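**Q** Listed below are the residues making up each chain.
Protein chains: 2
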Amino acid sequence: MALDGTGKRQLRTRAALVARARHLTARKGLTGFTIQELCDQVGVSRRTFFNYFPTKESAVLGVENGLDSALVDDFLAARAVHPEARRPLVDDLVEVAIGHFEAMSPTASDLADFVGSMQREPKLIAAMIDSGRSEQERFIARLAESQGDADLLPIRVAIVTFEALVRLSIDTYLHGADVVPFADILRERVRAARELFAPLPTKRLVPSP
Amino acid sequence: MALDGTGKRQLRTRAALVARARHLTARKGLTGFTIQELCDQVGVSRRTFFNYFPTKESAVLGVENGLDSALVDDFLAARAVHPEARRPLVDDLVEVAIGHFEAMSPTASDLADFVGSMQREPKLIAAMIDSGRSEQERFIARLAESQGDADLLPIRVAIVTFEALVRLSIDTYLHGADVVPFADILRERVRAARELFAPLPTKRLVPSP
Numbered sequence: 001m002a003l004d005g006t007g008k009r010q011l012r013t014r015a016a017l018v019a020r021a022r023h024l025t026a027r028k029g030l031t032g033f034t035i036q037e038l039c040d041q042v043g044v045s046r047r048t049f050f051n052y053f054p055t056k057e058s059a060v061l062g063v064e065n066g067l068d069s070a071l072v073d074d075f076l077a078a079r080a081v082h083p084e085a086r087r088p089l090v091d092d093l094v095e096v097a098i099g100h101f102e103a104m105s106p107t108a109s110d111l112a113d114f115v116g117s118m119q120r121e122p123k124l125i126a127a128m129i130d131s132g133r134s135e136q137e138r139f140i141a142r143l144a145e146s147q148g149d150a151d152l153l154p155i156r157v158a159i160v161t162f163e164a165l166v167r168l169s170i171d172t173y174l175h176g177a178d179v180v181p182f183a184d185i186l187r188e189r190v191r192a193a194r195e196l197f198a199p200l201p202t203k204r205l206v207p208s209p
Numbered sequence: 001m002a003l004d005g006t007g008k009r010q011l012r013t014r015a016a017l018v019a020r021a022r023h024l025t026a027r028k029g030l031t032g033f034t035i036q037e038l039c040d041q042v043g044v045s046r047r048t049f050f051n052y053f054p055t056k057e058s059a060v061l062g063v064e065n066g067l068d069s070a071l072v073d074d075f076l077a078a079r080a081v082h083p084e085a086r087r088p089l090v091d092d093l094v095e096v097a098i099g100h101f102e103a104m105s106p107t108a109s110d111l112a113d114f115v116g117s118m119q120r121e122p123k124l125i126a127a128m129i130d131s132g133r134s135e136q137e138r139f140i141a142r143l144a145e146s147q148g149d150a151d152l153l154p155i156r157v158a159i160v161t162f163e164a165l166v167r168l169s170i171d172t173y174l175h176g177a178d179v180v181p182f183a184d185i186l187r188e189r190v191r192a193a194r195e196l197f198a199p200l201p202t203k204r205l206v207p208s209p
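Chains as they are written, first to last, in this note's numbering: chain A, 1 to 209; chain B, 1 to 209.
Just chain A, with the same shape it has in the complex:
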């Protein structure tokens, strides 16, 4: 599930537009800058901007089309096989998350700009919650369709718990004392989750020799 050059460039361009849109919103408010200024600062044309986002607001929200990446397409294709031929879902999710993270390379100041943009334009908060939720629902629906699953519950549980592990890993990556690759941080946390949710050990009926 490696991204080719075009796929990586698209994710990076998209991430750069979102980061800059949030930065400008945090400093100047939504009406304090134009799409043209945003494009100039990122170094893309207006036409490129509209390939990714329909409006300035949607760039700040940064969620529309976020799932339409080659990475997600490959992930869904890998799930669309006979259940016994699939890897455990968590393992495939780990690969997608690492690929996205590495292409987008978020920084601590990106995170501060995100919070700052919501504080400057509080009307975006409800939109952010709504669009985050509908993007999650769309991902759940696409994954269920790929896997041929009628029951959404196991997939929904997988996505929300996995997202929690990704958020925790990003936080450690951005604010942790040590310099550790994101991939290692995430894998370590997934291992811890496996231990947490491990089934109870069955009691031995006879003492071991």
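Please keep in mind that the hints were generated in silico from the structure rather than gathered at the bench.
Hints are supplied without guarantee of correctness; some may be wrong.
[Stated by the list, open to error] Here are the simulated DSSO-like cross-link-like pairs (lysine-lysine), alpha carbons at most 27 Å apart as the crow flies:
1) K123/A - K56/B
2) K28/B - K123/A
3) K123/B - K123/A
4) K123/B - K28/B
5) K28/A - K8/B
6) K56/A - K56/B
[To be verified] Distance windows between CB atoms, simulated:
7) L174/B - R167/A: 18 to 24 Å
8) D149/B - K123/A: 32 to 38 Å
9) E145/A - T34/B: 28 to 34 Å
10) A150/A - K123/B: 54 to 60 Å
Bear in mind that the values here come from a model prediction, so they are computed numbers and not experimental data.
Glycine included, C-beta positions come from ideal geometry on N, C-alpha and C.
On the provided structure of chain A, position chain B as indicated by the hints.
**A** Using the frame of chain A, we list chain B on its own:
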């Protein structure tokens, strides 16, 4: 880990103050009502209010002292025994979450008031994020201390994944089509997480008879 009458009443009073403070903030803003008005509407004295919260803002945030309940004390006491005498951590967390939920009985309009209060007073957003994070850290530290654990990572992973399951369960409870007790909803989602993170089945070396 059952709550006695006093413990339940305290959780309910606290929840009522938070819900009303958010409702008033969403409608009138932080300066649009007094602590006295809030107390009158909930039916408690100012003195009772200050037993729970130091300021009006902290009632809206609803996080200070949220962990100082008899329920959490009992939970921590149950973890402060020899590791082999403990139940799986997730099972104990399930009991605490159900106890809290049943004492606090959140409604869909409580959730709408929460979002509304943040939109009306955006300066509270950063405070909400900070206080949520520090409450979580305090809970993690207390649990680690009770268990005598030096490594916080497994506990941190437990808390963030479990919180994700609780949020998902509250959402289903408040917005789901069917009327199902919260306890059943949460337990079903924890079961799904166990399956998700289950270790790989080991391959049989010989066919079963």
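**Q** Does the structure break any of the earlier hints, and which numbers would those be?
**A** When the structure is compared with the hints, numbers 5, 6, 8, 9 and 10 turn out to be violated.
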